[in-house]
Amino acid sequence: MMRDETTAAAIRACAASRHLDEFHTEKWLAMLTPSRMALLDVAERLKLRTGQLVATIDLLDEIEIREGASPAATLAREEIRRACLSQGSAPWRAAAFIEALRRIRFPQLQAAMDRLSSEIAALKLPVGVSVVLPKDLGSDELMIRISARTGRELEKLLEALADKKADLIRIVNKIGGEDDA
Amino acid sequence: MKFDLDAIYVEEDCRDTPLARRVIARAQSIAPIDFIEDGRIAARPRADVADSFAAGKRNIVIMRRRAPFLMACPAGSAKFACCGYLVLTLSSNCPMDCSYCFLQEYVADNPGFQIYANYEDAFVELEKLSASAPARHFRVGTGELADSLAMDSLTGLSIDLVNFFAARENLTLELKTKTDEIENLLTIDPRGNVLVSWTLSPRRVFEACEHRTASPSQRIEAARRVFDAGYRVAFHLDPIIAYRDAERDYVELMDELFATIPPAKISFISMGGLRMTPALRTAARRRFPKDAMLVGEDVLAEDGRYRAFTPLRLRLYKILADKFKTAGAEVPSYLCMEAASVHERVFGGPTSHPSIAGERLAIAR
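So the protein lines, in turn, are chains A and B.
At position 105 of the first sequence the residue is numbered 105 (the working numbering), and the sequence of numbers has no breaks.
Plus 181 on top of the position in the second sequence (first one is 1) and you've got the working numbering.
I should point out that these hints are in silico values taken from the structure, not numbers from a laboratory.
It is possible that some hints are incorrect.
Stated by the list, open to error - Pairs of lysine-lysine, DSBU-like flavour, derived with a Cα cap of 35 Å:
1. B:471 - A:135
2. A:135 - B:183
3. B:260 - A:164
4. B:506 - A:165
Stated by the list, open to error - Here are some chain A residues the structure puts well away from chain B; computed CB gaps all over 12 Å:
5. 19
6. 85
7. 135
8. 144
9. 154
What the hints assert, rightly or not - A short list of chain A residues far from chain B (calculated; beta carbon distances all over 10 Å):
10. 34
11. 44
12. 177
The C-beta atom is built at its ideal place from N, Cα and C for all residues, glycine as well.
Working from the sequences, and respecting the hints, build out all of it.
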């Protein structure tokens, strides 16, 4: 186990190498030893870039406030460990790690996104039609994109959409807070 | 309610105004009084303190307002359905300290608690407004950049305001507050032209966020007392915070309200979800790092503000709108800073033009 001053020096070195701002560096240093070390381990193993490190520190802090779970406890969770140890390049694993943290930070949002995405997938719309949920469900606007090259192709896609009219209305209403969304 | 003050600064030019005289007479034992050349300098952020916004709250600056008093509500935008509210800025900043307050960003560059001594100039602007459209009704509020009543025991402003509005048929004054500072109001007759409104939050939000305010129950009790004294009353569920159990807590809050004031007698209840620009969110999180209400499931919405993600926020609105509808007598309601499509989803119909909405709210009950 590294001594506190040793971990502080290692954290400062890691923060400096990534040009991490003072506010987030101090936030990191203010963590208890198991948490600050767990974060240092992840930051180095996944080669987190500056923005990713900022996001990680903020997400860990917000999870602690919301759930009462220390950063060390959050970083030890199975889904986080899985993301860190998964196959793939360091940038890919870093992205998967941040996404896993976001799922913990925004549980209701993720559940709503998953439900709506499954409903869209269940529509089995043809290639050429895509239904796009608003980013992070940040608005009530559902976007439907149609791409066709010929009149016949467009007609078929529009017919397929018309067949799913009721389902699409149900989905847009769920984005607007109806039912269990 | 009594608030801690570090100092009161009075602009030399204002020392003989009725407002300055009242404050000086009443505040001598509360805080040291200094006379200064230019109040704008005293209102600037202090470099020698860590939290200049909080410091500003404890320094009253009695000064002349150099800009117009009357303006359209700054929350209005083409992006949102608008309630037609007009804002009368008689003071800026507030002695209370809500963790979500937009003033943390809005007055960051001049956080001194300014109270404008030349408020009678506002009456000239109001006379012009009234005469410009005698057949229309306007709702004019003083609670946008400050709490309307927080310092009323010191300033006595409410008495002059209520007396002015009581004599103007097409102007309605809205005094918006989170206090129970109503003693002055109880001494005068509003003649139906004054609305007193309270921002209400469940107890959990009050305890976590609304520092130095009256409790929700104290606010409701104060509303009952002014209602009994002949004032119209209204309420703002704003911000609505979508924390766990929020649905239950907001419905219980409405039950408490409706048990105290008959729904049929409430002029309106507005709703607005917690919304924060990135800069406000940063400022608020730095000032209140452990406030769990500031770390809800908020995402960057299309207007560039952090808001509870759409289905979560709209579900809360709908539950409350249903509560208003089934409360015995339908309570008029509107949404603050939400798009027309959100209004339609929540209330089931299109929104009104701002002037019509404003008129409807000005004369409601």
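Non-conforming hints, listed in increasing numerical order = Checked against the structure, the hints that fail are numbers 2, 7 and 12, while the rest are satisfied.
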